[in-house]
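So the protein lines, in turn, are chains A and B.
Under the working numbering, the first residue of the first sequence is numbered 1, with each subsequent residue one higher.
Under the working numbering, the first residue of the second sequence is numbered 1001, with each subsequent residue one higher.
Just so you know, the hints here were simulated from the structure itself, not pulled from any lab data.
As the structure is a computational prediction, the values presented were derived from the model and not from experiment.
We put the CB at the ideal spot given by N, CA and C, even for glycine.
Worth double-checking, as some hints may not be accurate.
Unchecked claim - Computed, partial: chain B to chain A, Cβ under 8 Å:
#, residue
1, 1156
2, 1281
3, 1283
4, 1344
5, 1457
6, 1522
As the list claims (entries may be wrong) - Cross-link-like lysine-lysine pairs, in silico, DSS-like; alpha carbons within 25 Å at most:
#, chain 1, residue 1, chain 2, residue 2
7, A, 65, B, 1428
8, A, 216, A, 258
9, A, 180, A, 68
10, A, 68, B, 1428
11, A, 28, A, 180
12, B, 1496, B, 1428
Unchecked claim - Here chain B is said to cover these stretches of chain A; the calculated rule only asks that three of the stretch's residues, wherever they fall, bring their Cβ under 8 Å from a Cβ of chain B:
#, segment
13, 57 to 67
14, 78 to 89
15, 136 to 145
16, 171 to 181
17, 206 to 218
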Amino acid sequence: MIRKLCSGVLLLAITSNAFADWALNMPKGITELSAETHQIHMVIFWWCVAIAVVVFGAMIYSLVKHRKSRGAVPATFSHSMTAEVIWTVIPVVILLIMAVPSAELMIKLEDTRDPDLTIVATGYQWKWHYTYQGEDVSFYSTLARSSQAARRRGSGIDPNTVENYLLDVDNPLVVPMGAKVRLLLTSNDVVHAWWVPDLAIKKDAIPGFMNETWFKAEQTGTFRGQCAELCGMDHGYMPIVVEVLDPADFEAWLENEKGGATAVAAAGGELQ
Amino acid sequence: MSGAVADIHADHSEHDDHGPAKGWRRWLYATNHKDIGTMYLLFSLTMFFAGGSMALIIRSELFSPGLQFVDPAFFNQMTTMHALIMVFGAVMPAFVGLANWMIPLMIGAPDMALPRMNNWSFWILPVAFSILGSTLFMAGGAPASGWTMYPPLVLQTGDAFPFLIFSVHLMGLSSIMGAINVIVTIINMRAPDMSLLKMPMFVWTWLITAYLLIAVMPVLAGAVTMLLTDQFFGTSFFLAAGGGDPVMFQHIFWFFGHPEVYIMILPAFGVVSEIIPTFSRKPLFGHDSMVYAASSIAFLSFIVWAHHMFTVGMPLTGQMFFMFATMLIAVPTGVKIFNWLATMWRGAMTFETPMLFSLGFVFLFTIGGFSGLMLAIAPADIQYHDSYFVVAHFHYVLVPGSIFALMAAVYYWMPKWTGHFYNESLGKLHFWLSTIFVNLTFFPMHFVGLAGMPRRIPDYSTQFTDFNAIASIGAFGFGLSQLLFVFIVFQCVRNKGEIATQEVWDNPNGLEWTVPSPAPYHTFETPPRVTSDAAFS
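Chain A with its partners taken away, still in its complex shape (with noise of 0.2 Å):
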């Protein structure tokens, strides 16, 4: 029953059209702090597997050579001083060459010094505002139309026709390629989190706080997350969008900007 059951669940899986799309592991992403968070990850990663085969590996053999339908006998020690102090030093030894280079990286990801670009972005239930300082360009980002309208329930939308289904905003943050960007945080209301995997960013939007992070994007696109820190009924719906132009684009869009070109242009899709 049990076996049918997850050969089932198996099968209609294999067989899913979105197979292709799973995603099992985090982003590399597209900055070298995000490959170097991947990096690290991976290699805490290992360890683990590698911990796990040694002691997995004893205890299955020890579990099928140890019973006593086997005709063991038991031993009757019970202490061990030799493997007790193996036992522990190991482990922080393993520790101590984690440690360094996660050290390492927490200092990079937290040096926001001499940015290129400071975006202040401002959490609201339930979207985030932008402010390009020193430049007159300021928007707020919500949830696309099409996703609003197939969120409701019993909307008779199917969310997989909805293209980046709650992952699509009406006006992205739009940052030039190469450039050190620091992203100013805080919040009107409640906490909010601002999370795109491939920056590799988390951090917190605060009210009455101002929390920074940095990224330097290296490669044009789309990238897309969400708040990922509790906000109320429609925390599930604030995503965020960034996308990473050529720096002579962004220069153009950000003059087109000035003088509130984005607000038009919402206007105008909300027509269509």
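Using the hints, position chain B against chain A.
Just chain B, lined up with the frame of chain A:
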């Protein structure tokens, strides 16, 4: 001490036939540790199903993208209530129930030290959870801010808000009284020859847990009281607009919250440390180092709280400290795992249901430990934080961790409680169903978490569909398998199983196996003589 022993001898005959009161008085006025233990266990089983039903509502909604069954606001109420009920209603009271039943039997005491307070600490719980449950029917619904109750969000709770705070106060009160009782019992009422280091591991881990409870439950009470005054009495502890600090709540909460994690796992370590030696037919390896490891874990639990907060914008040095301190916990936890392994090594193992659940515990808790080690690495944690990877992690340490240990304990001691064995084949079936489904439920959550799915969302982007569907199927399988557990317990309580001997198992260690099965209403009115060290290792 010898004078006290003589007194007990003198009173012995008068108390011989003193049985339980009849009818409801036996339970409402209960002062007997076995009756109170039973009530705790039944209460926590009820809460386990209440919290479990909420989990199934959550998993139903998450079976496929789009909203099918509930609205986002109710979904958030379910995640919040599921956590509060499982943590404070199911896992913690279940371990207190085991403590009540087993600690006096294991240390040779006639009862808990403070029987009337024991009654009070139990009967507060149904009141606390009735209050919490009633919030589901209030204007604005039940609390929906997550069990972590972070302000300012929690201050948006509707009419339920003061009831949430009051019920948390009551749960804390109950836990503190239970913990005081455990400490006083263990310190004062051990059999005359039982030195601290001769105590069984379950008693040791509970002693440490009880100190953790006394240390941190008042901290939680303080935190929620500050929320209450912020809401109703014009203070601004956590309100930035009034000069307060929303992050301070998170620090205070997790100063409670991290030791709380060990409150839910240390007694589980104790249970497993009792069961593995019995079915390996070999003494527990490194008894004393197990005690030191548990104590180190308890100490470290107080200095790692901010690893729940690597994204709040702490200073770099603070993040470093909490990262290194957290990594250290892997050392004593590793010692425990290795000691269990060494206990099994060259034993003569048999695989009755309690042993199966204990082995499942060691395997699957270790997997939860691995993801914990990964979460300790702060730069990686920034990616894992508040994603389904975290959900997978803490469910691995709580479900096949704490809950499996509780199941193991029930199967292990139930013949002692009822005088009858449970149905062994059904018990094994329950183990295998639980193990398969628990992995089917929680393993895929690692994947969606790493791929970018945040926790506590009612609906998700379509690339997460398949793993969520698998998790939901697993959750229903796991939930339904627990009905089998209820059936098995019910059968055993109705005395349907084989009759258990006094020893129950094959030459187990410990004083609980020196009293008849079922354990009489009063035991150890005369303190037992402790003949050899081996009896307690």
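Evaluated hints:
1. 1156: holds, 6 Å
2. 1281: Residue 1281 of chain B check passes; min Cβ-Cβ to chain A is 4 Å, inside 8 Å.
3. 1283: holds, 4 Å
4. 1344: holds, 5 Å
5. 1457: Given a least distance of 3 Å, the restraint on residue 1457 of chain B holds.
6. 1522: violated, 33 Å
7. A:65 with B:1428: holds, 21 Å
8. A:216 with A:258: holds, 23 Å
9. A:180 with A:68: Roughly 65 Å separates the two Cα atoms, so the pair is violated.
10. A:68 with B:1428: Holds, at roughly 18 Å.
11. A:28 with A:180: holds, 19 Å
12. B:1496 with B:1428: holds, 17 Å
13. 57 to 67: Coverage by chain B holds here, the residue count being 6 at a Cβ distance below 8 Å.
14. 78 to 89: holds (count 7)
15. 136 to 145: violated (count 0)
16. 171 to 181: Violated: only 0 residues of the segment 171 to 181 of chain A have a Cβ under 8 Å from chain B.
17. 206 to 218: holds (count 6)
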